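Dock chain B against the given chain A, drawing on the hints supplied.
There are 2 protein chains.
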Amino acid sequence: MLTVFGSVALDTTRTPFETKERIMGGAATFASMSASFFTPVSLIGVIGNDFPSSYYKLLENRLNIEGLVLNSNKKTFFYDSSFDYDLSHRTTNVTELNVIEDFDPIVPEGYVDSKFLYLANNDPDQNIKIIDQFKNPQLIVCDTIEYWIENKKKTVIEMMEKTHGVVINDQEARLLCNTSNLIKCGKQLLSYGPKFAIIKKGEHGVIFFVDDAIIPIPGYPLDSVIDPTGAGDSFAGGFMGYLVANKKGEILNDLTLIKESILMGSVMGTFAIESFGTDKLFEITKLDIMNRYDNYKKMLAI
Amino acid sequence: MLTVFGSVALDTTRTPFETKERIMGGAATFASMSASFFTPVSLIGVIGNDFPSSYYKLLENRLNIEGLVLNSNKKTFFYDSSFDYDLSHRTTNVTELNVIEDFDPIVPEGYVDSKFLYLANNDPDQNIKIIDQFKNPQLIVCDTIEYWIENKKKTVIEMMEKTHGVVINDQEARLLCNTSNLIKCGKQLLSYGPKFAIIKKGEHGVIFFVDDAIIPIPGYPLDSVIDPTGAGDSFAGGFMGYLVANKKGEILNDLTLIKESILMGSVMGTFAIESFGTDKLFEITKLDIMNRYDNYKKMLAI
Chain A
1 MLTVFGSVAL DTTRTPFETK ERIMGGAATF ASMSASFFTP VSLIGVIGND FPSSYYKLLE
61 NRLNIEGLVL NSNKKTFFYD SSFDYDLSHR TTNVTELNVI EDFDPIVPEG YVDSKFLYLA
121 NNDPDQNIKI IDQFKNPQLI VCDTIEYWIE NKKKTVIEMM EKTHGVVIND QEARLLCNTS
181 NLIKCGKQLL SYGPKFAIIK KGEHGVIFFV DDAIIPIPGY PLDSVIDPTG AGDSFAGGFM
241 GYLVANKKGE ILNDLTLIKE SILMGSVMGT FAIESFGTDK LFEITKLDIM NRYDNYKKML
301 AI
Chain B
1 MLTVFGSVAL DTTRTPFETK ERIMGGAATF ASMSASFFTP VSLIGVIGND FPSSYYKLLE
61 NRLNIEGLVL NSNKKTFFYD SSFDYDLSHR TTNVTELNVI EDFDPIVPEG YVDSKFLYLA
121 NNDPDQNIKI IDQFKNPQLI VCDTIEYWIE NKKKTVIEMM EKTHGVVIND QEARLLCNTS
181 NLIKCGKQLL SYGPKFAIIK KGEHGVIFFV DDAIIPIPGY PLDSVIDPTG AGDSFAGGFM
241 GYLVANKKGE ILNDLTLIKE SILMGSVMGT FAIESFGTDK LFEITKLDIM NRYDNYKKML
301 AI
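Protein chains in written order, with our numbering: chain A, 1 to 302; chain B, 1 to 302.
Derived by calculation from the structure, the hints in this document are not laboratory data. A quick note: this is a predicted structure, and the numbers were derived from the prediction, not measured. You may find that some hints are simply not true.
One copy or two, it doesn't matter: identical chains are merged, so the pair holds either way.
SDA-like, lysine to any residue: derived pairs with alpha carbons at most 20 Å apart [as the list claims (entries may be wrong)]:
1. K297 <-> L255
2. K162 <-> G193
3. K154 <-> K195
4. K259 <-> K297
5. K187 <-> V225
6. K162 <-> I149
7. K129 <-> A301
8. K184 <-> P228
9. K153 <-> S81
10. K298 <-> I183
11. K184 <-> L222
12. K187 <-> L222
13. K187 <-> S224
14. K184 <-> V225
Looking at chain A on its own, in the form it has when it is part of the complex (with noise of 0.2 Å):
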């Protein structure tokens, strides 16, 4: 069982093109409905009273929402971003974190002795005290942002010595390495004691850190983007419930397997940003995923 931690958001998403308000979004929500196409996936988030009962049943359906509470008292995390002409940057217009932001994390009793844990781009205090609680984890991988590096850098590095792989995206990498080398970024995250690191390039692919080993990844080829939001977290997902899915023996020490699982996260994360927000993932089939699949296996064979 894998068990994803992170954010469950109302995201109101404006590209030149088109724009659709308060629909579902958040890390957790990419991550966790992504990786529930490979593993049963159980969700540890907040929504508040504003959480559409339509989108509550989706997640219902697919995930084990045990740990997703209800805030009745407060809205939901909320976030309005517009992306330009070329939907290569964004600008964030609101953040409201409403129910996020006096979030008190309990892992549900049925979740403590997951194996396996992906831990969203979270306050890494929060983050820390989740690891905590569970009895026997195997594999802990967390993201982080921009937000936390700023503002709790230690505590994110900390966080990361907790943890047994680190995924996080180029631009944060880095930030908080503080070089714009991101060959010496990957080595220097691994000196903070994960296992593993991967850093994600949009679509440019991901560079995979393990030991001595570097591992350059390049992206799927696409050429239609929507939405581009969730792309990193729906890598995460897809990542995350492959290997767990797909494991023999001690994951870690099985490069191929980690290799196929970064490519279904980038696949996952191509599904991703075909629709506005979370759409295509509720649309598409384990065929679908498959196929996009070995057809990125075949052009890297050549």
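Below, chain B alone, put in the same frame as chain A:
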């Protein structure tokens, strides 16, 4: 034999760490030097009365320079630029066309049977004129730059129609194809007539387009960048040189060879940027190159 036509320059290059004045540069210099590790290279270009004899000797030792014209009435093409703190953005300080301005390139009699032709980012009218002077070229590959796209877009496309392959960087592809999506760009480049297109993405590698196939290839992970000048030209030279040296039968049907040539191009690009100007390309040995190439192949084979 590979013929390379393009600029031989004197560059003043300023990074936040060091400035080098009037060092040897130019697209054809980088491309020729890179290619010369794999196959004999004949250069077509022009230099002026200020071109140091020490640089001339370096070229003479490695290349057939029968087609390198000296214009003793003018100075060599000169380019002065500055890189920002993370070496990712370049600002042009001075461009003096000098000898390039009214150069009328003539293919020496000894070159006209050359089967392989690389046309660097020259005036597309000049490139077309050069193509027409070869008797029976089998593989013509060209690059172009922002200046020609902005000033002679129609001629750039006419030039591409006369080639078998286009090598172009991502920003220039976006400008030429008027879309930010590189997959759309690649398809559009093929619609102009060439059999294949390679979009260069700097540290992120390349995307290769041929027929219906799209092959993304990640960049070689490098943590020591001194001067990014010449990376793309060295890529093109390494690509062409390796392709010509290792061809068996119809090049354009041999995807494995093309991919290997792309990897070799990337390797040559990484060497170029590990020192100022062309310095590293005169220091390294074939063994250095093959070691890095093997290492790269191993990374991608996992």
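Worksheet item: 20 Å Cα cut-off: does K154 pair with K195 within a copy, between copies, both or neither?
Response: Cα proximity of K154 and K195: one copy only (19 Å, versus 53 Å across).
Worksheet item: Should K184 paired with P228 be assigned to within, between, both, or neither, using CA atoms and 20 Å as the limit?
Response: between (27 Å within a copy, 17 Å between copies)
Worksheet item: Is it within, between, both or neither when you check K162 against I149 at 20 Å Cα-Cα?
Response: within (16 Å within a copy, 52 Å between copies)
Worksheet item: Between K187 and L222, at a C-alpha cutoff of 20 Å, which is it: within one copy, between copies, both, or neither?
Response: Answer is between: at 12 Å across copies they meet the 20 Å cutoff, but 29 Å inside does not.
Item to complete: Up to 20 Å between alpha-carbons, please classify K162 paired with G193: within, between, both or neither.
Response: within (7 Å within a copy, 55 Å between copies)
Discussion item. My question is about K184 and L222: at a cut-off of 20 Å on alpha-carbon distance, are they close within one copy, between copies, both, or neither?
Written reply: between (28 Å within a copy, 9 Å between copies)
Practice prompt. Check K129 against A301 for me: Cα-Cα at most 20 Å, and say if that holds within a copy, between copies, both or neither.
Written response: neither (42 Å within a copy, 39 Å between copies)
Practice prompt. At 20 Å max between alpha carbons, let me know whether K184 reaches V225 within a copy, between copies, both or neither.
Written response: between (30 Å within a copy, 11 Å between copies)
Worksheet item: Given a CA cutoff of 20 Å, do K259 and K297 count as a within-copy pair, a between-copy pair, both, or neither?
Response: Both: 11 Å inside a copy, 15 Å across copies.
Practice prompt. Give the relationship of K153 and S81 under a CA distance limit of 20 Å: within one copy only, between copies only, both, or neither.
Written response: Neither: 25 Å inside a copy, 36 Å across copies.
Practice prompt. Please work out whether the CA atoms of K187 and V225 approach to 20 Å or closer within one copy, between two copies, in both situations, or in neither?
Written response: Between. Shortest inter-copy distance 16 Å satisfies the 20 Å Cα cut-off; intra-copy 32 Å does not.
Discussion item. At most 20 Å between alpha carbons: which applies to K187 and S224, within, between, both or neither?
Written reply: between (34 Å within a copy, 13 Å between copies)
Checked against the numbered hints above, the structure breaks hints 7, 9 and satisfies the rest.
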